[in-house]
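**Q** The primary structure of each chain is shown beneath.
There are 2 protein chains.
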Amino acid sequence: MMTSSLHTLDTPAAIIDVPRAMKNIRRMQDHMNALGVAFRPHVKTSKCEQVVLAQLGAGARGITVSTLKEADQFFASGITDILYAVGIAPHRLPHALELRRRGCALTIITDSVVSAREIADFGRAHGEKFPVLIEVDTDGHRSGLHPEGDELLKVAAVLHDGGMEVKGVMTHAGSSYELDTPDALETLAEQERAGCVTAAERVRAAGVPCPVVSVGSTPTALSAKDLRGVTEVRAGVYVFFDLVMHNVGVCAMGDIALSVLTTVIGHQPEKGWLIVDAGWMAMSRDVGTSKQKRDYKYGQVCAIDGTPMAGYLLSGANQEHGIVALEGSADADIVARYPVGTRLRILPNHACATGAQFEKYQALSPDGSVQEWGRFHGW
Amino acid sequence: MMTSSLHTLDTPAAIIDVPRAMKNIRRMQDHMNALGVAFRPHVKTSKCEQVVLAQLGAGARGITVSTLKEADQFFASGITDILYAVGIAPHRLPHALELRRRGCALTIITDSVVSAREIADFGRAHGEKFPVLIEVDTDGHRSGLHPEGDELLKVAAVLHDGGMEVKGVMTHAGSSYELDTPDALETLAEQERAGCVTAAERVRAAGVPCPVVSVGSTPTALSAKDLRGVTEVRAGVYVFFDLVMHNVGVCAMGDIALSVLTTVIGHQPEKGWLIVDAGWMAMSRDVGTSKQKRDYKYGQVCAIDGTPMAGYLLSGANQEHGIVALEGSADADIVARYPVGTRLRILPNHACATGAQFEKYQALSPDGSVQEWGRFHGW
Chain A
1 MMTSSLHTLD TPAAIIDVPR AMKNIRRMQD HMNALGVAFR PHVKTSKCEQ
51 VVLAQLGAGA RGITVSTLKE ADQFFASGIT DILYAVGIAP HRLPHALELR
101 RRGCALTIIT DSVVSAREIA DFGRAHGEKF PVLIEVDTDG HRSGLHPEGD
151 ELLKVAAVLH DGGMEVKGVM THAGSSYELD TPDALETLAE QERAGCVTAA
201 ERVRAAGVPC PVVSVGSTPT ALSAKDLRGV TEVRAGVYVF FDLVMHNVGV
251 CAMGDIALSV LTTVIGHQPE KGWLIVDAGW MAMSRDVGTS KQKRDYKYGQ
301 VCAIDGTPMA GYLLSGANQE HGIVALEGSA DADIVARYPV GTRLRILPNH
351 ACATGAQFEK YQALSPDGSV QEWGRFHGW
Chain B
1 MMTSSLHTLD TPAAIIDVPR AMKNIRRMQD HMNALGVAFR PHVKTSKCEQ
51 VVLAQLGAGA RGITVSTLKE ADQFFASGIT DILYAVGIAP HRLPHALELR
101 RRGCALTIIT DSVVSAREIA DFGRAHGEKF PVLIEVDTDG HRSGLHPEGD
151 ELLKVAAVLH DGGMEVKGVM THAGSSYELD TPDALETLAE QERAGCVTAA
201 ERVRAAGVPC PVVSVGSTPT ALSAKDLRGV TEVRAGVYVF FDLVMHNVGV
251 CAMGDIALSV LTTVIGHQPE KGWLIVDAGW MAMSRDVGTS KQKRDYKYGQ
301 VCAIDGTPMA GYLLSGANQE HGIVALEGSA DADIVARYPV GTRLRILPNH
351 ACATGAQFEK YQALSPDGSV QEWGRFHGW
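Just so you know, the protein sequences line up as chains A and B, in that order.
Per the UniProt record's numbering, the first sequence starts with residue 1, numbered consecutively.
Per the UniProt record's numbering, the second sequence starts with residue 1, numbered consecutively.
Bear in mind the hints are in silico, worked out from the structure with no lab data behind them.
Quick reminder that beta carbons are idealized off the backbone N, C-alpha and C, glycines included.
Be aware that one or more of the hints could be misleading.
[To be verified] 30 Å max Cα-Cα, derived DSBU-like pairs, lysine-lysine:
(1) B:K360 with A:K360
(2) B:K291 with A:K271
(3) A:K293 with B:K291
(4) B:K129 with B:K69
(5) A:K271 with B:K293
[As the list claims (entries may be wrong)] Per label pair, the in silico range of CB-to-CB distance:
(6) B:P366 with A:T187: 51 to 57 Å
(7) B:R337 with A:A194: 31 to 37 Å
(8) A:G374 with B:D81: 49 to 55 Å
(9) B:R337 with A:G127: 32 to 38 Å
(10) A:E327 with B:E359: 35 to 41 Å
(11) B:S329 with A:D226: 49 to 55 Å
(12) A:E270 with B:R228: 27 to 33 Å
(13) A:H91 with B:D30: 38 to 44 Å
(14) B:R337 with A:D161: 26 to 32 Å
(15) B:A332 with A:R61: 40 to 46 Å
(16) A:D150 with B:A252: 42 to 48 Å
[Said to hold, decoys possible] Stretch-level coverage of chain B by chain A, calculated; a stretch enters the list once three of its residues show a Cβ under 8 Å from a Cβ in chain A:
(17) 296-309
(18) 317-324
(19) 330-344
The whole structure should be built from the sequences, with the hints applied where relevant.
**A** Here it is in structure tokens:
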């Protein structure tokens with residue numbers, strides 16, 4: 001078989017810089033080890049067996065998933081300790097049961113009395129003691145119960161009295177994506193920790209065992225200085241990082257391990273535009289840096305070797321066309337500098353969204369060879 | 001086999017309202033018939049065999065694709081007349097040649113002397129007379145040569161003298177998506193027509209046959225009153241329509257044939273939020289209505305029967321979580337009104353982007369039954 005390289009792959013292609021990804025994995029695991037907590041990576045970012053096995057190899061204990069399809073796929077890869085970290089819809093309980101009956105140590109989550117009752121009723125009816133984490137809201141971001149509220153204890157009681165296993169509490173301080181200073185991040189990490197620990201202590205004080213205290217988001221995980229009372233941390237996007245995370249301040253541009261390889265297919269010389277074959281179908285429609293301190297439009301353009309080209313952004317995107325332009329003033333020499341056929345790489349705003357646009361990754365080794373790593377999508 | 005319905009499908013799911021799609025197909029084809037031009041649908045919107053066969057059944061002549069993967073897939077479905085409407089990158093010429101050698105009547109496009117030379121050199125080297133459309137820019141939107149410029153004639157000469165078939169000229173007035181009045185749309189449709197016809201006449205005057213004059217975008221196609229000199233029209237999103245097209249003014253809300261079925265998985269009662277299982281992974285990150293006259297955020301929420309719920313929008317989206325809220329003031333009764341397990345449908349901003357998030361569609365018949373229609377993605 002001929003070895004593929006960045007010069008021979010069809011474009012657009014999703015390139016994983018393997019040494020960077022491994023460095024990112026190591027960095028997070030080392031930080032978690034230093035803080036004395038277990039680490040449970042969120043695999044929704046990569047949906048890729050090779051990446052997840054590397055995370056487990058580095059020391060992760062179990063995985064976090066955002067869909068039961070991810071649970072199915074990674075259970076088929078031999079991973080049994082799986083947390084499904086989206087509040088379970090009652091119609092999915094049969095699927096969760098089926099996974100557990102096949103030997104998957106699946107944990108589910110809930111944040112309402114109604115759902116807790118459905119879980120308990122279904123579990124009892126089928127002789128299954130579901131392990132459940134109760135979701136807590138520590139930053140007003142999305143889901144979860146107030147750590148100091150009555151509902152938390154009601155949910156714990158409904159599950160416990162209903163014969164289910166209250167395995168613990170969990171939270172996700174997703175508002176960390178909106179911050180961009182180390183102090184603010186450290187403060188939110190502490191708020192996330194304190195809120196979740198408070199919730200656990202209240203559940204325990206009510207007489208319900210609550211061993212697990214699970215927190216995390218990439219920015220808070222990397223910014224936490226002290227995780228007393230926490231038993232595990234979850235994070236996903238750190239494995240690749242992206243321009244949003246760079247703006248948040250938790251990675252350097254040179255840590256971003258996912259890029260889109262693209263080919264120049266035309267020009268608009270008077271406008272100083274390159275037309276490339278990476279549009280929004282390749283990059284996704286995510287413009288997550290548009291409200292951050294540095295707006296990268298649809299992505300930062302790099303040379304084929306990964307060196308960022310200062311000021312060149314993917315300034316516009318149609319379905320299969322991208323427009324590359326130099327910020328500020330048009331590049332009058334852009335046609336000569338980047339003729340048709342030139343290959344470039346684009347760093348994405350949001351690795352989870354860009355990765356999801358592709359059926360497979362191309363894993364780039366330091367020797368310049370690439371190999372396919374599968375990924376799945378859908379539900 | 002048990003018949004599926006909107007009440008039993010797993011969520012999120014991409015629902016095609018079949019009667020609406022058929023009505024949209026019929027409407028466009030009737031309009032093209034009335035204007036006396038051939039219609040060549042852009043299949044990048046659906047990437048679905050059943051939809052495309054319905055378009056051909058209604059009278060379409062050939063298809064338009066945005067990737068060679070689409071060409072491969074639809075050629076495998078028995079469709080031979082295919083226009084690959086993205087400027088061809090030289091490294092894709094062997095793939096195009098292989099399709100033609102297998103019997104696919106593939107036409108390619110270009111808008112530069114450099115690419116035209118590559119096509120001619122490659123074609124001659126392999127004894128293949130590629131049919132080529134020259135891309136013309138009629139609205140400054142993206143790619144294409146000026147209809148009155150010298151480059152147009154140079155490209156025509158390079159192809160013609162190089163032994164290729166200058167099949168014609170083509171343009172896409174994509175800036176039509178930014179308009180929202182019938183007058184402005186009709187004016188742009190005329191500008192698109194006139195520019196493309198001018199280009200064809202200039203090529204012919206230079207002694208190069210140029211039979212095809214191909215124009216189109218959904219808004220201009222539906223707004224054109226006269227297409228003298230045009231031989232074919234291309235459009236894609238009209239088959240499903242979406243909220244962006246509704247804002248542009250070329251469809252009613254009730255024409256939108258694609259929606260995402262979702263389940264309520266939780267609440268934040270104090271905020272008046274529903275948490276649903278359709279986040280940006282289901283809807284895409286497209287917020288194309290955010291700068292239009294009506295901002296629908298991530299989508300318009302409807303009851304399971306498709307009736308829009310006035311003021312309820314998908315106001316926020318994380319990967320697998322969506323936040324539904326009533327605009328203006330919080331709905332204090334939202335928990336009672338839409339309990340956990342309630343099924344809703346969300347109309348998307350951009351059907352091409354939302355469809356691409358799914359592995360398959362669920363085609364909804366008037367009797368309430370659904371069946372799977374496949375779709376593909378990637379390159």
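**Q** For each hint, tell me whether it holds in the structure or not.
**A** Here's how the hints hold up against the structure:
Between B:K360 and A:K360 the CA atoms are separated by roughly 18 Å; this keeps the pair inside 30 Å, and the hint holds. For the suggested pair B:K291 and A:K271, the alpha carbons sit about 24 Å apart, so the restraint of at most 30 Å is met. Pair hint A:K293 plus B:K291 holds up; C-alpha atoms about 21 Å apart against a cutoff of 30 Å. With a C-alpha separation of about 22 Å, the suggested pairing of B:K129 with B:K69 holds against the 30 Å cut-off.
This hinted pair checks out: A:K271 and B:K293 have alpha carbons roughly 28 Å apart, not beyond 30 Å. As the Cβ distance of B:P366 to A:T187 is approximately 56 Å, the hint placing it in 51 to 57 Å holds. The hinted window of 31 to 37 Å between B:R337 and A:A194 holds, with their beta carbons roughly 34 Å apart. Distance hint check for A:G374 and B:D81: the Cβ-Cβ separation is about 34 Å, which falls outside the suggested range of 49 to 55 Å.
Distance hint for B:R337 and A:G127: a CB-CB separation of about 35 Å, consistent with the stated range 32 to 38 Å. Hint check: A:E327 to B:E359, Cβ distance near 37 Å, so the stated range 35 to 41 Å holds. Separated by about 41 Å at the C-beta atoms, B:S329 and A:D226 break the suggested range of 49 to 55 Å. Under the hint 27 to 33 Å, the C-beta atoms of A:E270 and B:R228, about 30 Å apart, fit the expected range.
Distance hint check for A:H91 and B:D30: the Cβ-Cβ separation is about 41 Å, which falls inside the suggested range of 38 to 44 Å. The hinted window of 26 to 32 Å between B:R337 and A:D161 holds, with their beta carbons roughly 28 Å apart. Roughly 43 Å separates the CB atoms of B:A332 and A:R61, a value that falls within the hinted 40 to 46 Å. A C-beta distance of roughly 47 Å is found between A:D150 and B:A252, which places it inside the suggested range of 42 to 48 Å.
Only residues whose beta carbon comes within less than 8 Å of a beta carbon in chain A count, and the region 296-309 of chain B has 0; fewer than three means the coverage is violated. Check on the region 317-324 of chain B: 5 of its residues sit with their Cβ under 8 Å from a Cβ of chain A, so the three-residue criterion for coverage holds. Beta-carbon proximity to chain A at under 8 Å applies to 3 residues in the region 330-344 of chain B; the threshold of 3 is reached and the given coverage holds.
Of the numbered hints listed earlier, those contradicted by the structure are 8, 11, 17.
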